[in-house]
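*Asks:* Chains as they are written, first to last, in my numbering: chain A, 16 to 328; chain B, -2 to 360; chain C, 17 to 299.
Keep in mind that the hints were calculated from the coordinates and are not lab data.
Any given hint could be a false lead.
Straight-line Cα separation of at most 16 Å, EDC-like style, residue types lysine to aspartate or glutamate; simulated pairs [claimed, not checked]:
#1 C/Lys122 x B/Asp91
#2 A/Lys159 x C/Asp260
#3 C/Lys204 x A/Glu43
#4 A/Lys136 x A/Asp97
#5 B/Lys101 x B/Asp91
Only a predicted model underlies this, so the values are computations on that prediction, with no experimental measurement involved.
The residues making up each chain are set out below.
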Amino acid sequence: MAISDVLSHRAFAQAPRRGAATRLLEDERWLAAVLLLPTVILLGLFIAYPFVEGVWLSVTDATVGVPGHFVGLANFTALLHDSIFLVAVRNTFVYTAVATVLKLALGLWLALLLNRHFRGKAFTRAFVLLPFIIPTVLSTFAWKWMFDPTFSVINWTLFQLGIIHGRINWLGDPSLALISVIIVNVWRGVPFYAISLLAGLQTINPELQEAAAIDGARPWQRFWHVTWPLLLPVTMVVVLFSVIQTFADFQLVYVLTGGGPANATQLFATYAYQIGVGTGLLSQGAAVSLAMFPFLLIIVVVQLLYIRRVEVH
Amino acid sequence: MARVILRNLNKFYDDVHAVKSVNLEIRDKEFVVLVGPSGCGKTTTLRMLAGLESISSGQVLIGDTVVNDLAPMDRDIAMVFQNYALYPHMSVYDNMAFGLKMRKVDRNDIRKRVQEAADILGIQDYLARKPRQLSGGQRQRVALGRAIVRHPQVFLFDEPLSNLDAKLRVQMRVELKKLHNRLNTTAVYVTHDQVEAMTLGDRVVVMRGGVVQQVGEPLELYNAPVNRFVAGFIGSPAMNFAPARLRDGAGKLHADASGFGLQLPADIAARLRPYTGREVIVGVRPEDLQVANGSYPPGLCFDAMVEVVERLGAEVLLDLQVGQHTMVASVEPGVAARRGDKLRFALKPERLHFFDASSEAAI
Amino acid sequence: MIEGAKWRRWVYFYIPLGVFVLWLLFPFYWMLVTSVRPDRELYRPWTAPNYAPFWTAHPTLVHITDLLTQTLFIRWMANTLFIAILATLISLFCGLLAGYALSRLKFPGGGALGTGIFITYLVPQTLLFIPLANIIRNFSLGDTPWALILTYPTFLIPFCTWLLMGYFKAIPRELEECARIDGATRWKAMLYIIFPIAVPGILSAGIFAFTLSWNEFIYALVFLSSAEQKTVSVGVTSELVRGDVFYWGQLMAGALLGSVPVAFIYSFFVEHYVAGLTGSVKG
Chain A
16 MAISDVLSHR
26 AFAQAPRRGA
36 ATRLLEDERW
46 LAAVLLLPTV
56 ILLGLFIAYP
66 FVEGVWLSVT
76 DATVGVPGHF
86 VGLANFTALL
96 HDSIFLVAVR
106 NTFVYTAVAT
116 VLKLALGLWL
126 ALLLNRHFRG
136 KAFTRAFVLL
146 PFIIPTVLST
156 FAWKWMFDPT
166 FSVINWTLFQ
176 LGIIHGRINW
186 LGDPSLALIS
196 VIIVNVWRGV
206 PFYAISLLAG
216 LQTINPELQE
226 AAAIDGARPW
236 QRFWHVTWPL
246 LLPVTMVVVL
256 FSVIQTFADF
266 QLVYVLTGGG
276 PANATQLFAT
286 YAYQIGVGTG
296 LLSQGAAVSL
306 AMFPFLLIIV
316 VVQLLYIRRV
326 EVH
Chain B
-2 MARVILRNLN
8 KFYDDVHAVK
18 SVNLEIRDKE
28 FVVLVGPSGC
38 GKTTTLRMLA
48 GLESISSGQV
58 LIGDTVVNDL
68 APMDRDIAMV
78 FQNYALYPHM
88 SVYDNMAFGL
98 KMRKVDRNDI
108 RKRVQEAADI
118 LGIQDYLARK
128 PRQLSGGQRQ
138 RVALGRAIVR
148 HPQVFLFDEP
158 LSNLDAKLRV
168 QMRVELKKLH
178 NRLNTTAVYV
188 THDQVEAMTL
198 GDRVVVMRGG
208 VVQQVGEPLE
218 LYNAPVNRFV
228 AGFIGSPAMN
238 FAPARLRDGA
248 GKLHADASGF
258 GLQLPADIAA
268 RLRPYTGREV
278 IVGVRPEDLQ
288 VANGSYPPGL
298 CFDAMVEVVE
308 RLGAEVLLDL
318 QVGQHTMVAS
328 VEPGVAARRG
338 DKLRFALKPE
348 RLHFFDASSE
358 AAI
Chain C
17 MIEGAKWRRW
27 VYFYIPLGVF
37 VLWLLFPFYW
47 MLVTSVRPDR
57 ELYRPWTAPN
67 YAPFWTAHPT
77 LVHITDLLTQ
87 TLFIRWMANT
97 LFIAILATLI
107 SLFCGLLAGY
117 ALSRLKFPGG
127 GALGTGIFIT
137 YLVPQTLLFI
147 PLANIIRNFS
157 LGDTPWALIL
167 TYPTFLIPFC
177 TWLLMGYFKA
187 IPRELEECAR
197 IDGATRWKAM
207 LYIIFPIAVP
217 GILSAGIFAF
227 TLSWNEFIYA
237 LVFLSSAEQK
247 TVSVGVTSEL
257 VRGDVFYWGQ
267 LMAGALLGSV
277 PVAFIYSFFV
287 EHYVAGLTGS
297 VKG
């Protein structure tokens, strides 16, 4: 039938000639170079270059509009004697540590709750994520308003419940301010933990749970010996991201307290902003934010090593 | 003309020498099957032929052109993959038309050719469907269709049937053979399944460890394997092997193995004479072991105990204990053997295979 | 699965979940109530006997109309939308190409480049905002939307690349090989076969990138100065607070309306968003 007919008009007996560009892009290495070019340009221009520029700024005495001269490590040694900076370092560590532990604990709890079957599960899951997707600055304003000493709905509720008897100055009291800021950070971060860990939980085969139950493991033992070890790799990555973001946090504090009262909530980033942008001391501001770098590096390296170890096992 | 020549073809992955000096000439319109266990280099060879894998050294010729430096798109070949590789976001029609569109074939021509291929394969009714709406066998046909609309110079098949269930596999095997007869195009087919190789190939290339062991027509491989590997790989159930020592006894050559001894006829003895006093390996196919009916000369019989009886309907497989060896015999369904029976088996001398104990080459 | 007595279900499940949901969602309810509450109710101390926190007897739209007519709020929304869309498109474009190259092509330095992009993924914005502000000024991009459109990709591209690499790796290599044998160049195989199959991933990356750009704060705060250039977050923060005076009704109305676009997109693509979120932390 027609097969031989069609076979007879062979269209491609000869390899067609290709243009130079086509031939170049058939070479994996050239194609990769072309594909990566836009990314390398953008990241080079706005990550690598600023990083170099930041290092340079931090060893000069530049201010806004004044190029500045090389001053060596003067900016960094000055920081070591800057009591506000030292407070900011301490605050940042407390803020990061406490918030991370709380976010992990509550996030895991919420993930376990959401992993069960109940009516309206998809709905609940979608709504629970709202604090994470709504612009942080905007939702933080709601908290600032809820923390307002005179008009606080939180105070009213606690008073009505008989838990407190006087007014609480959530953000104005230096001993409370950091706690309040942590509460908001935890509020914003728990959904991220919960949804990520929930995704991790859903990859765990329920048969493992059932097998453990048949083996006589109690719920707590099932969690500790089956669920938790399997969830650990995901957990570590989530914690890694969260720790970096928390350590470098800016917006929550900027809106809630501006670093006050009396620097009680001053963090690396807010202090860098205050000096570098607020007072225009570019070089010192750059030094403050660069001072974050070694800490971040250590955190990242330690966690990546740990993640690798966990994944090997 | 679309013959394919592989000339001294080598492939290195870092330190691993995956394909070793493969030389092969595939004639125009021939159906050649590369067969071997996994990791034998058959797929790598095919992928070098397709241009998907760079060639470390040597040459590949399609027609009369050296295609080493041609991109896959310029080699005028078509390939069917094990997992079908159907584009999931395209309809069956678009899947089949893709290659033609890429080559800027006229729209009407595309429609004609897709329609024609669909008719041949019986998938006319599915042209509008997406691949995920098809069964495994239908997907397989679409993958074939996509290859044949192209009218390529060479068809390449990379284990195309191994994702199908056993029954469908047999059916598709027959269809593939018919299709090839009809299209009359050179085809190179890779499989690890020796039955597929034997039934489909005009010639079969057996590979192991990157080296071509033997090239030949199916029956040639079956009847005259060049070494122990080919002998064991081709045929199912696999050939039985037993080490034996050759001994000269009163002018006759004897092969003594654990559990049986053979007195070899003169023509074979002449061939094996140089091995006298040394160890060789005797190979005998299960289908060449028959229950002896008494008239056999004693020098070509031995006794064995039946350990397992597998009744397959058309044949019966007997797992035998012979001395220290286990052997498999494929006998007539009428044989009333039971576990524990002691039976006498007869060997046809001309059906025996002998291999050098160290080089494993056929003697 | 594993059932218990009814009271146990309440104690271990419904009550904790209820508390979580209440805690996580109450601030949004509070935004809503505040934004429709008249000032005379709004500024009534919580110690006052007639303090009615959870509802309002006289809802009003005055804060919202004031926000829309007397401030640059609409302008800020438009700015943010423009910036977020362009930044997302640039990042998707770069992320698609880079993700493809890193997951599919073998080339020298590929591993190092992948690691490099992963590391930039971990660089927080607050580390570089001061020198970056300098650079933006040098490029004469200060106080223009381009200051953000070009810098947002620095944290979006690594994310998109990372996420899309995961999607690309899940696509069988044979599809592409088959396309190349069928007559497609590598470029066309990528364009016609790989990218269309990765559409769910592209959608996830795009939605996630959009919300990240919409929510970004510190770059917008530092790089933009004039009121009419600002984004929603910065505009609401800086322009609705005059000195020490907070216009809480307007602020909450602004916070609410400023959240609408992301909430809207989110509600349509919850699954894609969640896939993006969980994909972003997959190791």
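*Asks:* Is C/Lys204 close enough to A/Glu43, meaning Cα to Cα at most 16 Å?
*Replies:* holds (14 Å)
*Asks:* B/Lys101 and B/Asp91: Cα distance at most 16 Å?
*Replies:* Distance of about 14 Å is within 16 Å: holds.
*Asks:* Assess, step by step, whether the Cα of A/Lys136 is no farther than 16 Å from the Cα of A/Asp97, and give holds or violated.
*Replies:* Given pair A/Lys136, A/Asp97 is violated - Cα atoms ~51 Å apart, limit 16 Å.
*Asks:* Within 16 Å, alpha carbon to alpha carbon, are C/Lys122 and B/Asp91?
*Replies:* violated (30 Å)
*Asks:* Does C/Asp260 sit within 16 Å of A/Lys159, going by the straight-line distance between their CA atoms?
*Replies:* holds (13 Å)
The structure shown violates the earlier hints numbered 1, 4.
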